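Given next are the chains, with one letter for each unit.
Protein chains: 2
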Amino acid sequence: MTRADKADRAIGIFDSGVGGLTVLKRIAQRLPHEHLCYLGDTARVPYGTKSADTVIRYARSCAARLTERGIKLLVVACNTASAYALETLSSELPVPVIGVVEPGAREAVRRSRNGRIGVIGTTGTVASGAYARAISALNSDIRVYSKACPLFVPLAEEGWTRGELPRSVARTYLAGFSARRIDTLVLGCTHYPLLRGPIAAVAGPGVLLVDSARETEKAVEAVLREQGLLRAASTPGRHQFLVSDAPATFARVGARFLGHPLTGVEWVDVQTG
Amino acid sequence: MTRADKADRAIGIFDSGVGGLTVLKRIAQRLPHEHLCYLGDTARVPYGTKSADTVIRYARSCAARLTERGIKLLVVACNTASAYALETLSSELPVPVIGVVEPGAREAVRRSRNGRIGVIGTTGTVASGAYARAISALNSDIRVYSKACPLFVPLAEEGWTRGELPRSVARTYLAGFSARRIDTLVLGCTHYPLLRGPIAAVAGPGVLLVDSARETEKAVEAVLREQGLLRAASTPGRHQFLVSDAPATFARVGARFLGHPLTGVEWVDVQTG
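Top line first, the protein sequences correspond to chains A and B.
As numbered in my numbering, the first sequence has no gaps in its residue numbers, which increase by one up to the final residue, 282.
As numbered in my numbering, the second sequence has no gaps in its residue numbers, which increase by one up to the final residue, 282.
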């Protein structure tokens with residue numbers, strides 16, 4: 010295969026569900042000529058409450074569904090899967106693999122002034138210690154304080170993102186951070202930016218919120234450029250969507266995430282291979 | 010196989026996770042000599058947010074794991090799986106299948122004085138219309154009002170079952186019922202009894218709460234007696250626990266449900282067969 014043929018392949022992106030569409034959206038804005046193939050594992054969502062073994066198994070099968078279609082790079086647009094499975098996928102797959110933890114950690118380290126960073130995420134992401142490791146690898150003087158916030162995902166999915174209720178939940182989860190005097194808080198889950206309002210209100214004006222997935226599109230561009238795999242064509246890239254459950258529901262919710270209708274969502278079986 | 014051999018087999022029980030242990034506990038209290046084999050599909054929990062097709066597929070594979078071990082009766086201790094998959098399982102399996110919807114509906118009909126019944130459950134259970142159908146089949150004059158309460162399961166799993174927060178969530182979900190003048194409210198999910206306090210406080214003293222799974226053990230006993238399959242031995246029954254993810258977590262959380270330690274929880278692969 011020529012390099013041009015390979016460059017014409019899609020960027021594969023997977024998440025446990027619909028949240029990773031925020032990552033797809035940013036990649037599409039930054040790299041509008043790239044073909045994108047997104048897989049949402051809606052039949053097994055959420056990953057954040059499950060064990061490392063299970064998340065790795067799920068991540069492998071999602072990656073297999075995408076690589077068998079011929080992709081040139083894989084984005085793990087899920088914090089829990091990035092936290093538990095990035096090393097496994099990187100060592101096993103024939104394409105570069107980019108997660109959301111490393112870019113988020115990098116941005117937090119760049120932004121923190123006092124070297125005290127908070128991280129919130131799913132039970133799995135926090136238990137993995139992946140953010141603390143990634144931040145320490147960049148600057149071992151930085152102190153990292155983590156807190157799992159299991160109720161944030163269902164709250165965001167229910168659309169309860171304003172008013173007293175989410176603020177009260179945020180107060181309960183974030184209470185411990187004030188004594189830590191953090192100046193930066195990583196939103197270590199793709200759902201959490203939907204709750205930015207109440208989280209910011211509770212964290213206070215002295216705390217900068219970093220969206221973990223925000224810098225991922227830059228890492229994607231850098232790797233493709235470095236490997237000479239940016240698509241040369243000037244036609245817009247095609248976007249394809251695969252899900253393991255309920256394509257119609259995904260199309261409806263996904264349209265809210267992307268701001269335009271989503272057509273041709275395809276069901277795939279993730280339980281084999 | 011003689012009838013005595015068959016009677017010596019276990020009662021199989023499955024749920025999407027840990028919630029069905031409340032059903033197991035009642036069966037164990039009523040039928041202490043019966044062997045019980047419980048499967049919690051913790052790798053694919055929750056079922057309540059997934060499509061009918063997917064829930065039916067999952068229920069089939071859970072039932073297969075239990076029937077291949079030789080059970081004499083299957084209890085579907087999950088409202089969503091009962092709502093979507095009971096007919097399929099009943100027609101396909103070689104043993105009697107008992108769900109939690111029918112016993113809950115029967116109890117609600119027996120208790121309601123004014124013929125106006127509310128049902129709360131997962132998105133899947135409510136979308137299926139299973140309670141409304143079961144109640145109408147018993148008494149077509151009864152009016153049924155349903156409301157999906159997606160946040161109740163994560164709230165119960167987080168252990169936030171007291172205080173202002175769960176009450177505030179309950180107020181939001183139950184607001185519509187007061188104009189309906191219901192006198193009975195079915196807790197159509199095995200997790201909801203953990204939130205009985207805030208739900209009762211919001212529903213008010215005029216509304217009787219019916220735990221859907223409460224009467225299931227009576228149905229189990231009735232079917233076994235009718236078919237001559239009650240275990241004759243006077244030794245205590247053995248209890249076996251299978252999970253599709255994280256046996257240690259299940260043992261820890263399950264001990265809280267059962268009030269005694271849980272040993273020998275075994276991992277099973279539910280993704281095949």
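Treat the hints as calculated values from the structure; they're not laboratory data.
As the structure is a computational prediction, the values presented were derived from the model and not from experiment.
Wrong hints could be hidden among the right ones.
[What the hints assert, rightly or not] Here are some of the chain B residues that sit facing chain A, going by a computed Cβ distance under 7 Å:
| id | residue |
| --- | --- |
| 1 | Ser145 |
| 2 | Asn148 |
| 3 | Ile151 |
| 4 | Ser155 |
| 5 | Lys156 |
| 6 | Pro163 |
| 7 | Glu167 |
| 8 | Gly168 |
| 9 | Leu174 |
| 10 | Asp254 |
[Said to hold, decoys possible] Okay, the calculated bits of chain B under chain A, using three or more residues with CB under 8 Å as the criterion:
| id | region |
| --- | --- |
| 11 | 177–189 |
| 12 | 210–217 |
Think of the CB as a built atom: it goes at the ideal place given N, C-alpha and C, for glycine as much as any other residue.
Under the criterion of a CB-CB separation shorter than 7 Å, is serine 145/B in contact with chain A as hinted? Interface hint status for serine 145/B: violated (27 Å vs cutoff 7 Å).
Holds or violated: the hint that aspartate 254/B contacts chain A, with Cβ atoms closer than 7 Å. Hint on aspartate 254/B: holds, closest Cβ of chain A at ~5 Å, below 7 Å.
Interface hint outcome for leucine 174/B [beta carbon to chain A under 7 Å]: Hint on leucine 174/B: holds, closest Cβ of chain A at ~6 Å, below 7 Å.
Quick check on proline 163/B please, does its C-beta sit within 7 Å of some C-beta on chain A? holds (4 Å)
Under the criterion of a CB-CB separation shorter than 7 Å, is glutamate 167/B in contact with chain A as hinted? Cβ of glutamate 167/B sits 6 Å from chain A, so the hint holds.
With 7 Å as the cut and Cβ atoms as the points, is isoleucine 151/B at the interface with chain A? violated (29 Å)
Against chain A, does the region 210–217 of chain B show at least 3 residues with beta-carbon separation below 8 Å? Since three or more residues must qualify, the claim that chain A covers the region 210–217 of chain B is violated, with 0 doing so at under 8 Å.
Test coverage of the region 177–189 of chain B by chain A using CB-CB distances below 8 Å; three residues minimum. holds (count 3)
Proposed interface contact between asparagine 148/B and chain A, which counts if any beta carbon pair is under 7 Å: violated (33 Å)
Minimum Cβ distance from glycine 168/B to chain A below 7 Å? violated (10 Å)
Closest C-beta approach of lysine 156/B to chain A relative to 7 Å, hint status: Cβ of lysine 156/B sits 13 Å from chain A, so the hint is violated.
Can serine 155/B be said to touch chain A, with a Cβ gap under 7 Å? The hint is violated - serine 155/B has no Cβ within 7 Å of chain A, the shortest such distance being about 17 Å.
Checked against the numbered hints above, the structure violates hints 1, 2, 3, 4, 5, 8 and 12; every other hint is satisfied.
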